[in-house]
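Using the hints, position chain B against chain A.
Below are the chains, spelled out letter by letter.
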Amino acid sequence: MKGIIHKYSRDNIDTDVILPGPYLKIHDHDELSKHAMEGIDTDFSNKVAKGDFILAGSNFGCGSSREHAPIALSHCGITAVLAPSFARIFYRNCVDGGYLLPLEIEKSTLEEISDKDTLEIDLEKNQIHDMTNGKKFSISPFPPLIKKIIDAGGLMYYKE
Amino acid sequence: MNITEKIIARASNRNSASPGDVVFANVDKLMIHDVSGPGVIKVFEEWSKKGIQLDKVWNADKIWIAEDHFVPSADRISAENISKLTKWAEKFGIKKHFKYGLGQYGICHTLSHEEALVLPGEFYVGGDSHTNTTGALGALAVGLGHTDIAYAMKHGRIWLKVPETLLFKIIGKKPPHIMAKDIILKIISDIGTDGANYKTMEFAGNVVSQMSMEERLTLTNMTTEAGAKNGIIEPDVVTDEYIQQRTADSYKPVLGDDPHYLEEYTYDIEKLEPFVAKPYSPQNGAAARELQTVEINKAYIGSCTGAKLEDLRSAAQILKGKKVKVRTEVLPAAQSIYIKAMKEGLIDIFMEAGAVVGPPTCGACCGAHMGILAKDEICVSTTNRNFPGRMGHVESQTYLASPLVVAASAIKGKITDPRDVSN
Chain A
1 MKGIIHKYSR DNIDTDVILP GPYLKIHDHD ELSKHAMEGI DTDFSNKVAK GDFILAGSNF
61 GCGSSREHAP IALSHCGITA VLAPSFARIF YRNCVDGGYL LPLEIEKSTL EEISDKDTLE
121 IDLEKNQIHD MTNGKKFSIS PFPPLIKKII DAGGLMYYKE
Chain B
1 MNITEKIIAR ASNRNSASPG DVVFANVDKL MIHDVSGPGV IKVFEEWSKK GIQLDKVWNA
61 DKIWIAEDHF VPSADRISAE NISKLTKWAE KFGIKKHFKY GLGQYGICHT LSHEEALVLP
121 GEFYVGGDSH TNTTGALGAL AVGLGHTDIA YAMKHGRIWL KVPETLLFKI IGKKPPHIMA
181 KDIILKIISD IGTDGANYKT MEFAGNVVSQ MSMEERLTLT NMTTEAGAKN GIIEPDVVTD
241 EYIQQRTADS YKPVLGDDPH YLEEYTYDIE KLEPFVAKPY SPQNGAAARE LQTVEINKAY
301 IGSCTGAKLE DLRSAAQILK GKKVKVRTEV LPAAQSIYIK AMKEGLIDIF MEAGAVVGPP
361 TCGACCGAHM GILAKDEICV STTNRNFPGR MGHVESQTYL ASPLVVAASA IKGKITDPRD
421 VSN
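Those protein sequence lines, which keep their order, are chains A and B.
The numbering used here applies: residue 1 is where the first sequence begins, and numbers increase by one.
The numbering used here applies: residue 1 is where the second sequence begins, and numbers increase by one.
Only chain A is shown next, with the shape it has when bound in the complex (with noise of 0.2 Å):
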């Protein structure tokens, strides 16, 4: 995988940020990738290319429990983000609908990324490669049901 980053640093990105609530009503999901981010950067979808990244701080997708979030990144192009930790429904959204990677990275990694950097990233040795100034961090793996959710292609070809 390789794209280009988009960060946002603050901790708790919720929601309400990815996906605005007025919006919960809306199903179509290029409708959706229109407003996403919309909360913290009104020009996102404009910005963003199929394959891209985010970047952003701890307990990324906090806050309700709407797929929409996940979904209007996802259809926006963002394949990954990244983040010390994410909210725990935000995080199962993202694998059991098999929209895009949750990739846990440590903190200091968050400082030494900038934004616009272009990434290349190795699910098999978990490592990322910043190919804007050279520098290999790592990826907590995943854990085996999740590895095998997200082989599958999301949870409903998943076989138990």
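It is worth saying that the hints were derived from the structure and are not from the lab.
You can take every hint at face value.
Once the Cα atoms are required to be at most 27 Å apart in a straight line, the calculated DSSO-like pairs of lysine-lysine come out as:
id, chain 1, residue 1, chain 2, residue 2
1, B, K49, A, K147
2, B, K50, A, K50
3, A, K147, B, K42
4, B, K84, A, K34
5, B, K169, B, K186
6, A, K159, B, K56
7, A, K147, B, K50
8, B, K375, A, K47
9, B, K49, A, K148
10, B, K50, A, K159
11, B, K50, A, K34
12, A, K148, B, K42
13, B, K50, A, K148
14, B, K161, A, K125
15, A, K125, A, K2
16, B, K49, A, K159
17, B, K375, A, K7
18, B, K414, B, K322
19, B, K49, A, K34
20, A, K107, B, K161
21, A, K148, B, K161
22, B, K278, B, K323
23, B, K161, A, K147
24, B, K154, A, K159
25, A, K147, B, K154
26, B, K343, B, K323
27, A, K50, B, K49
28, A, K34, B, K42
29, B, K99, B, K154
30, B, K271, B, K174
31, B, K6, A, K159
32, A, K159, B, K42
33, A, K148, B, K154
34, A, K34, B, K375
35, A, K159, B, K161
As the structure is a computational prediction, the values presented were derived from the model and not from experiment.
Just chain B now, with coordinates in the frame of chain A:
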């Protein structure tokens, strides 16, 4: 095992469950509402394109539907969503559908306890983050997204990681001006919005034992704001009386047995002051008296957190014979609560004070409709969340507080400790 572990062990047909175990557990009850319902239908539509069909739901009698977020229909899209959800529910034989304008209806989490739709010891999943609320009944109540709910609806099962449990012992003599909301806001200010991430928050201690069920529900409701997977309280005589008043269904209470906790916290609340969460996070705590210079534009008494019957009684106790100084909105959390409040004369008190009284809805709490905030407006609210844009414009501000604090603030036009208004 503690109560959460025992329920998971039973639901996953195992002798035991330990933190970190990953299991598939059988669901006892399942809820969707007018946001998650259409979301779940959309998931099924997407699966259908890939050859996975939903021929029937796992058990139509165990599923129930609430119309709460965008009711009364906010606009054409919301109206279409409800219409679509209604047709879908009929097709799959789901009869427990609480429709607005047709008898009992209200906020999903309020209905879960008000109608005893979930019983102690059950594993209940809901398509909403505040599903945690129902854990006050001694059930394992977990909020999930659309895909997980769709999976559970089809298979009657869902995967869970057995959580670590944090025990909160609330002890001491509870001052009369302190409500469960003050206590839980204080706890969240200490542990943070990720302080219980992936974990269980269990509550015990003499204060909890003496609490009414509605107050207990405020504690578990707000565990979502600390990132918890679930909040739970062991069922006791209060639980049993509450359930028996509402259903003839029998249940087998599950209690902890040589319970293990990751950490134990003790809160002596004798000296706790009325407590508020400032913008823009539920963890941003301060005593109400420290904020008495903060002028407000609106006081809001509503939501699954703060519009149960006792919340309304508490607010009315302050507002009786007074006039509000700022826009004040009161929305009982369910039709049944509205009726009880009316019979007790609470609605008269609110309206004579100058407040507007509206129908049950989640609308303003999630900034969707029916009372959203303008730029720079400041609201003090009995709701649960105050992230940027939560109740309206991204530069509006919400202070979270108990119904007593909100009512006192409505009278003064600024954030007010209930002890500072005369009765």
